[in-house]
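Protein chains in written order, with my numbering: chain A, 489 to 601; chain B, 74 to 189.
Please keep in mind that the hints were generated in silico from the structure rather than gathered at the bench.
Among these hints, one or two may not hold up.
[As the list claims (entries may be wrong)] Listed below are several chain B residues computed to face chain A (Cβ distance under 8 angstroms; list not exhaustive):
| no. | residue |
| --- | --- |
| 1 | Tyr149 |
| 2 | Ala152 |
| 3 | Gln181 |
[As the list claims (entries may be wrong)] Quick look at which bits of chain B chain A covers, simulated, 3 or more residues with Cβ under 8 angstroms:
| no. | stretch |
| --- | --- |
| 4 | 118-129 |
| 5 | 132-146 |
Just so you know, even glycine gets a beta-carbon here, dropped at the ideal spot from N, CA and C.
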Amino acid sequence: GAGVSQTPSNKVTEKGKYVELRCDPISGHTALYWYRQSLGQGPEFLIYFQGTGAADDSGLPNDRFFAVRPEGSVSTLKIQRTERGDSAVYLCASSLTNRETQYFGPGTRLLVL
Amino acid sequence: KQEVTQIPAALSVPEGENLVLNCSFTDSAIYNLQWFRQDPGKGLTSLLLIQSSQREQTSGRLNASLDKSSGRSTLYIAASQPGDSATYLCAVSGGEGSSNTGKLIFGQGTTLQVKP
Numbered sequence: 489g490a491g492v493s494q495t496p497s498n499k500v501t502e503k504g505k506y507v508e509l510r511c512d513p514i515s516g517h518t519a520l521y522w523y524r525q526s527l528g529q530g531p532e533f534l535i536y537f538q539g540t541g542a543a544d545d546s547g548l549p550n551d552r553f554f555a556v557r558p559e560g561s562v563s564t565l566k567i568q569r570t571e572r573g574d575s576a577v578y579l580c581a582s583s584l585t586n587r588e589t590q591y592f593g594p595g596t597r598l599l600v601l
Numbered sequence: 074k075q076e077v078t079q080i081p082a083a084l085s086v087p088e089g090e091n092l093v094l095n096c097s098f099t100d101s102a103i104y105n106l107q108w109f110r111q112d113p114g115k116g117l118t119s120l121l122l123i124q125s126s127q128r129e130q131t132s133g134r135l136n137a138s139l140d141k142s143s144g145r146s147t148l149y150i151a152a153s154q155p156g157d158s159a160t161y162l163c164a165v166s167g168g169e170g171s172s173n174t175g176k177l178i179f180g181q182g183t184t185l186q187v188k189p
């Protein structure tokens, strides 16, 4: 079956602009996670959704970052007033429940110039 | 705060060797531990998940063990092949005082090169 998909695969933007990153989880997976990975590092947790609600947003670095999952399926990560330090790969993962294997998408590579 | 460490950071072996990758974590109150593989420029592929009540999991040439009390896990790869070349990441969920969200705390990974 289809895995987790993310769009766009690459995004180049200018400092100060607004960006949206989209994640399509595996059908039927109630848990959805966003992570951020910098070069040479392991992924870092950003936010966790259980269904439509953000159950844990403790990893969001500041209030420029926001994420939604309005219908409990597709999620969008939104970054306002982007900064060069936001450049990274943004990974999305989903799982049947929050105790089971997380399946990752290919990521969105964000470059802020 | 949970911290995950992977040693070594990089490893190069000749084809056919058996090898062990190490992962340690500071807080033993985990829910589970996962091993992932990441190819350059790609997302993560799940290899094995070990629940906190389990001691090991096996899949093909891979065997992962978990010793919660000592805060350690190993990933054993038998008869390594050039196609095994990738970065291997260890991640844990849970920890003392954490809510059961399943969020993963990752190590920095071990980059493996298997030479033909």
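**Request:** Classify the hint on Gln181 (chain B) as holds or violated, based on whether any CB of chain A lies nearer than 8 angstroms to its CB.
**Result:** holds (5 angstroms)
**Evaluation of the interface hint that places Tyr149 (chain B) against chain A, nearest CB under 8 angstroms** = Interface hint status for Tyr149 (chain B): violated (19 angstroms vs cutoff 8 angstroms).
**Message:** Under 8 angstroms is the threshold here; is the Cβ of Ala152 (chain B) close enough to any Cβ of chain A for the hint to stand?
**Reply:** Result: violated, 25 angstroms to nearest chain A Cβ.
**Message:** Cut-off 8 angstroms, C-beta pairs, minimum 3 residues; does the coverage of the stretch 118-129 of chain B by chain A stand?
**Reply:** holds (count 4)
**Assertion that chain A covers the stretch 132-146 of chain B - criterion: three or more residues, beta-carbon distance below 8 angstroms** = violated (count 0)
Of the numbered hints given earlier, the model fails hints 1, 2, 5; all others are met.
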